[in-house]
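> Listed below are the residues making up each chain.
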Amino acid sequence: MHYSFDFSVIWDNFGVLLAGAWLTLRLSLMAVAFGLVIGIVGSLFRTSGNRLLNGIALAYVEVIRNTPYLIQLFFIFFGLPAVGLKLSAEQAAIVSLAINFGAYSTEIVRAGVESIPKGQVEAGLAIGFNKLDVFRHIVIPPALANIYSSLVGQVILAVLFTSVVSQIAAEDLTYAGNYLDARTFRSFEIYFTLAILYLAIVWIVKALAYVVEARFFEFAKYRQ
Amino acid sequence: MDEFTLSRTFINLIIATKWTIILSLIAFVGGGLVGALIALMRISSNKLLSRISWLYIEFFQGTPLLLQLFLAFFGFSVVTGINLSPLVAAAIALTAYTSAFLGDIWRGSIQAVPRGQWQAASAIGFGYFDQLRLIILPQAVRLAIAPTVGFLVQVIKGTSLASIIGFTELSRAASLINNVTLQSLLIFGLAGLIYFALCYPLSTWSQQLEKKLAYK
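Protein chains in written order, with the numbering used here: chain A, 1 to 224; chain B, 1001 to 1216.
Honestly, I wouldn't trust all of these hints.
Within a straight-line C-alpha distance of at most 20 Å, the following computed SDA-like cross-link-like pairs (lysine to any residue) qualify [to be verified]:
id : chain 1 : residue 1 : chain 2 : residue 2
1  : A       : Lys86     : B       : Gln1183
2  : A       : Lys221    : A       : Ala169
3  : A       : Lys206    : B       : Arg1051
4  : B       : Lys1211   : A       : Ala169
5  : A       : Lys86     : A       : Ser149
6  : B       : Lys1211   : A       : Ser115
7  : A       : Lys118    : A       : Ala220
8  : B       : Lys1211   : A       : Ile147
9  : A       : Lys206    : B       : Gln1183
10 : A       : Lys86     : B       : Leu1182
11 : A       : Lys86     : B       : Leu1186
Where chain B lies over chain A, by a calculated footprint (3+ residues, C-beta under 8 Å) [as the list claims (entries may be wrong)]:
id : segment
12 : 43-53
13 : 74-87
Hints in this document: simulated from the structure, not taken from any laboratory. Fair warning: this is a prediction, and the values are worked out from it, not measured in the lab. Just so you know, even glycine gets a beta-carbon here, dropped at the ideal spot from N, CA and C.
All chains should be built: construct the whole structure from the sequences, respecting the hints.
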């Protein structure tokens, strides 16, 4: 083994990686934001008591959770143009990531809502809160506290999933790595650096999550 | 070029599914063995072992599986000069990925067994490994079964990324057929259906186990 490591390819092409990281960040944020909206609507469907709405949401959740993201991405990017829905690589990436995150967050949010005992709602109504206030002050804070760590875990998985969009030539961080690898053949240096960059993003998300938890969900530590 | 009729497309996808299943089994067995070691290191009172296993879990849980595959396939061959076949590279990367998650799940299951069980076992004279083997693990296994079956679904879905380093399993077969026929909606729909048929029973089983084996 006479390989000499040369990480200069990283410094020389830092701009390319930075541009890729920027798209990765934007994709992650949009996937989580849109996915959460889908998740909240989906969880309302799941808990509505209406069998049709529940069935639709359940089918959506099961189909997405039991098929690989790669297939979902290809289905949307390569498949949908056949029915007249042609999306750019970035659009397909955002739509597929949001649909994927939405399915997981549907179940997480549902679990949160169902974790609040009915008695708490009734008690809130009994002491004169209106429904909205009960929801805001009695249901939401402990429900969020209950699902917070699962939600953060799912956000991290979503960030890591974004790497797959490089396969439809959306120019994210992994795509930037493929691009540099094809030109320099410094595969190890490039992919190892990329892995460390993703790890850094994941640790930043974890650190932010910890700060938010300490600030907003302190109360949840003393329950039970 | 032969015509790709619907039935021929379907048969080709089914044949490729064999490799999805084989790769999943390799990753699950390999990942289970390494994962058991990682879990034991993680609960060890030896600081160094515990730190190493922590870093291992952080790395493989905190980086994309796709990059782990690239490192095993492209990175390894560039550094060592040894060319791994796509199957071997995929098996190594998926084993590492699976072991990190299973190691973490099993560490959680072991640590969920109340401390009093360790103390009681110690009080009646069992040594560390007998405490673990006879008292703790039987209870931990009960807790671990449902999430372990659930994770098998993630492994099966994860094997789809092996297609990107050129291993011909279900996803790559679908891509190849799609390149010829361009019937993307149908082909990726069928591939999704086959994945669903593999994963859904496991998901359902995992949920049933979770209800049945909840710690009482």
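> Are the hints correct? Go through all of them and say.
Here is what the structure says about each hint:
Between A:Lys86 and B:Gln1183 the CA atoms are separated by roughly 15 Å; this keeps the pair inside 20 Å, and the hint holds. A hinted pair counts as satisfied when its Cα atoms are at most 20 Å apart, and A:Lys221 with A:Ala169 does not qualify at roughly 45 Å. The suggested pairing of A:Lys206 with B:Arg1051 holds, with an alpha-carbon distance near 18 Å, which does not exceed 20 Å. This hinted pair does not check out: B:Lys1211 and A:Ala169 have alpha carbons roughly 43 Å apart, beyond 20 Å.
Taking the CA atoms of A:Lys86 and A:Ser149, the gap is near 36 Å; set against the 20 Å cutoff, the hint is violated. For the hint pairing B:Lys1211 with A:Ser115, the CA-to-CA distance comes to about 16 Å; that is within 20 Å, so the pair holds. Among the hinted pairs, A:Lys118 with A:Ala220 is consistent with the structure: their alpha-carbon atoms are about 18 Å apart, no more than 20 Å. As the CA atoms of B:Lys1211 and A:Ile147 are separated by approximately 19 Å, the hinted pair is consistent with the 20 Å bound.
For the hint linking A:Lys206 to B:Gln1183, the alpha-carbon distance of about 42 Å lies beyond 20 Å, and the restraint is violated. In summary, the hint linking A:Lys86 to B:Leu1182 is supported, as the alpha carbons are separated by about 15 Å, within the 20 Å threshold. Simply put, A:Lys86 and B:Leu1186 have alpha-carbon atoms about 16 Å apart, close enough for the 20 Å limit, and the pair holds. Restraint check on the segment 43-53 of chain A versus chain B: 0 residues with Cβ-Cβ distances below 8 Å, three needed, restraint violated.
By the rule of at least three residues with a Cβ nearer than 8 Å to a Cβ of chain B, the coverage given for the segment 74-87 of chain A holds, with 8 such residues.
The structure does not agree with the numbered hints 2, 4, 5, 9, 12 stated previously, though it agrees with the rest.
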